[in-house]
Amino acid sequence: MKAAQPLYFGPKAQPLFGWLHGVEPQHQPALGLVICSPFGFEEECAHKSLRHLAIDAAAGGIPTLRFDYATCGNSAGDEFGPGTFQVWLDSVAAAINTLKLHAGVSQVCVAGLRLGATLGALASSQRSDVAGLVAIAPVVQGRVYVRELKVLSMTGFQSSTPEPIEDLLQASGYLLTKETREAVAAVDLRKEQKAPAPKVLIIERDDMNPAPEWAQALQAMGVQVEQASLPGYQAMMSDPQNTMVPEQINAKVVEYVGRLASGMPHQNAADHVAAEIESHCILVGEDQLDVRETALTVPADNGGLFAILSSPEAPLGLTSNAPAIVLISSGTLHNIGPGRMWPMLARQWAARGANVLRVDLPGIGESTALVELGDNRVYSERYLESLEQLLRFMRQRYPNTPCHLVGLCSGATHGFKAAVQGQDWDKYVLINPLTFDYEEANAANSGMTDYEVEGAASKYKRLLFSVEPWKKLVSGQLNLRFILNVLSRYATRALGRAFGKLLESKNSASPLEVELQQVLRNRSNAEFVFCEKAPGEPYLHEHGGQTLTALLERHQMGIARVSDSDHTFTLLNGRNRLVEWLDTVVC
Amino acid sequence: MSMDMQAKIRAALKQHGRMSLDALTLATTADLYEAGMTSHASVNVMLALEEAFEVEFPDHLLKRSVFASIEAISQALQEIGVGKAGA
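Heads up: the protein sequence lines correspond to chains G and Z, in order.
Once you know that position 380 of the first sequence is 380 in our numbering, the rest is easy, because the numbers rise by one and skip nothing.
Once you know that position 28 of the second sequence is 1028 in our numbering, the rest is easy, because the numbers rise by one and skip nothing.
Derived by calculation from the structure, the hints in this document are not laboratory data.
No residue lacks a Cβ here, since even glycine has one placed at the ideal position from N, Cα and C.
Among these hints, one or two may not hold up.
With a Cα cut of at most 16 Å, we get these calculated EDC-like pairs of lysine to aspartate or glutamate [to be verified]:
id, chain 1, residue 1, chain 2, residue 2
1, G, Lys-427, G, Glu-388
2, G, Lys-178, G, Asp-167
3, G, Lys-191, G, Asp-207
4, G, Lys-2, G, Glu-24
5, Z, Lys-1014, Z, Glu-1051
6, Z, Lys-1084, Z, Asp-1059
7, Z, Lys-1063, G, Glu-148
8, G, Lys-150, G, Asp-129
9, G, Lys-150, G, Glu-179
10, G, Lys-471, Z, Asp-1031
11, G, Lys-178, G, Asp-78
12, G, Lys-12, G, Asp-290
13, G, Lys-150, Z, Glu-1056
14, G, Lys-150, Z, Asp-1059
15, Z, Lys-1014, G, Glu-213
DEER-style ranges, computed between Cβ atoms [to be verified]:
id, chain 1, residue 1, chain 2, residue 2, range
16, Z, Asp-1022, G, Asn-209, 19 to 25 Å
17, Z, Ser-1065, G, Ser-106, 52 to 58 Å
18, G, Met-1, Z, Asp-1022, 43 to 49 Å
19, Z, Glu-1079, G, Leu-552, 50 to 56 Å
20, Z, Gly-1081, G, Ser-279, 55 to 61 Å
21, Z, Asp-1031, G, Asp-426, 17 to 23 Å
22, Z, Asp-1031, G, Met-264, 34 to 40 Å
23, G, Gln-224, Z, Glu-1051, 26 to 32 Å
24, G, Met-244, Z, Asp-1022, 21 to 27 Å
Sequences and hints are given; from them, build the entire structure.
Listed below in structure tokens is the structure:
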């Protein structure tokens, strides 16, 4: 099996990003597989599973392309433009054409998950080169799907409704305009007049009753329909750090595509001249510099860290003192960051002259795991080596340029640890770290981490003089055992600190303060920013001691707050406020 | 709220709520989000409830408070006719 290659393809005005999983020439593939991702947060969750599907298919001799629709992932465009739904359909068509070009196949199978299955079906029905369609948990009725997004939007926040913005639907950090929403809602696969392909495999989610109407409609059009209900859907759609590859579903898809291929004449590999892979693209700026995006590998212990570099496409002779910036994502979310924040920020800063790298740490997204860590690991000291390797890469590439590290959530924890370690970044921009301690973050035995204890205790303090929580407690609506556990752990920690101070020993500094002392000595510059009620902020204040005060007084450290935001800034207004702040401290 | 309705709600919550507490023994007024239900899980809970009761929540009921407790879900279901004679 060939190594997967990142590539840009599609219209020059709006390039698409994807991964080509090629096969060795001896396979002489009969058809290729195009994988259509779900939309938004579902894509974040399923990214790993679809990557594995592509790897498995290629290993089975099926060249495979997975890609981001225009306005999604690492492809160009944003969600505010007109005709987004059609642009997504055009993206599927471009992906099919690209796979045929690069793999030398004349027929493809399209496999899609959720809205990806819907887009795949609609795009395939306009073509004659799609031999088969695999629809995994397809969105058959767009109207139902839009309702799901609405629930997601309305239940994601403590306040009863998110701030309304010009009729945008904001679902877990992803936006749908009214026009896009209406276009999605108008889809009803059961009423389509043209079949997507002569053969269709529908894999239903196993946790809901199957809806047979679409299969029946396809059969009425003469389509050979196979249906399966296999385990793994719920686990695949768990948060990125908990997601699990649905082995049985992926195996079924590979087996089905293999079966489709077996009935087709094989291509003669000698007849196919492979097209050149484009590993970069140019995004045309409107009133700023154009931006060049390059998919690359940063040399590292795991064999290389996958990253995308956004650089200014500057006219010759134009110099800039804009910084080099590395963006580290939260948890095990791949290089696009939550709600696709990283491509947007990287492009914005590159248009101002900065060189911005968004990267996958080992075992996350597209980067190979370190053997001893495995994949999908959120916290590990080993990531500090990756940060050093990234710094070295950026320093070599952009000498005499300040290098900034920007991390969100666990990415911020890594950044903080790098500052403690004394790495040579010029600035650490640390967004919403939940914890400052790897050991504690990885401790699962107590079932609750110290920062969660601090967060819960802060909440109880706030609600101490409110009547409602006491009523709930008395009527048994609150989990008393849980509350007592929080309070006893909080009290133990507070007593320990107080006792330490009483003794006035050198050891009275908390572990966090000891690390801050190291930051002070290293002369590292760090800027923290927290959303409201973020547990990391009270933790920092309570445990930072006099060293935190000293760092703040010397302006070696700053602490800012973004109002009306959640942990990963899923609401547009909060995100805009974060970006405004980032602009002032980063670029 | 009838026992049958409550049992169906609890079953939907148990299968799709992904809560740290047992949906079968949770107080009817207990806050489901406090109990660990995420917004993503609440989408599946909504779908499961619609399937179990063969109804569709109207748009004005697609909000956080409706899925905040067994009691609130029950009230919403009753509002759209579940549990009434002939419904």
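Against which earlier hints does the structure fall short, listed by number upward?
Numbers 3, 6, 8, 15, 21, 22, in rising order.
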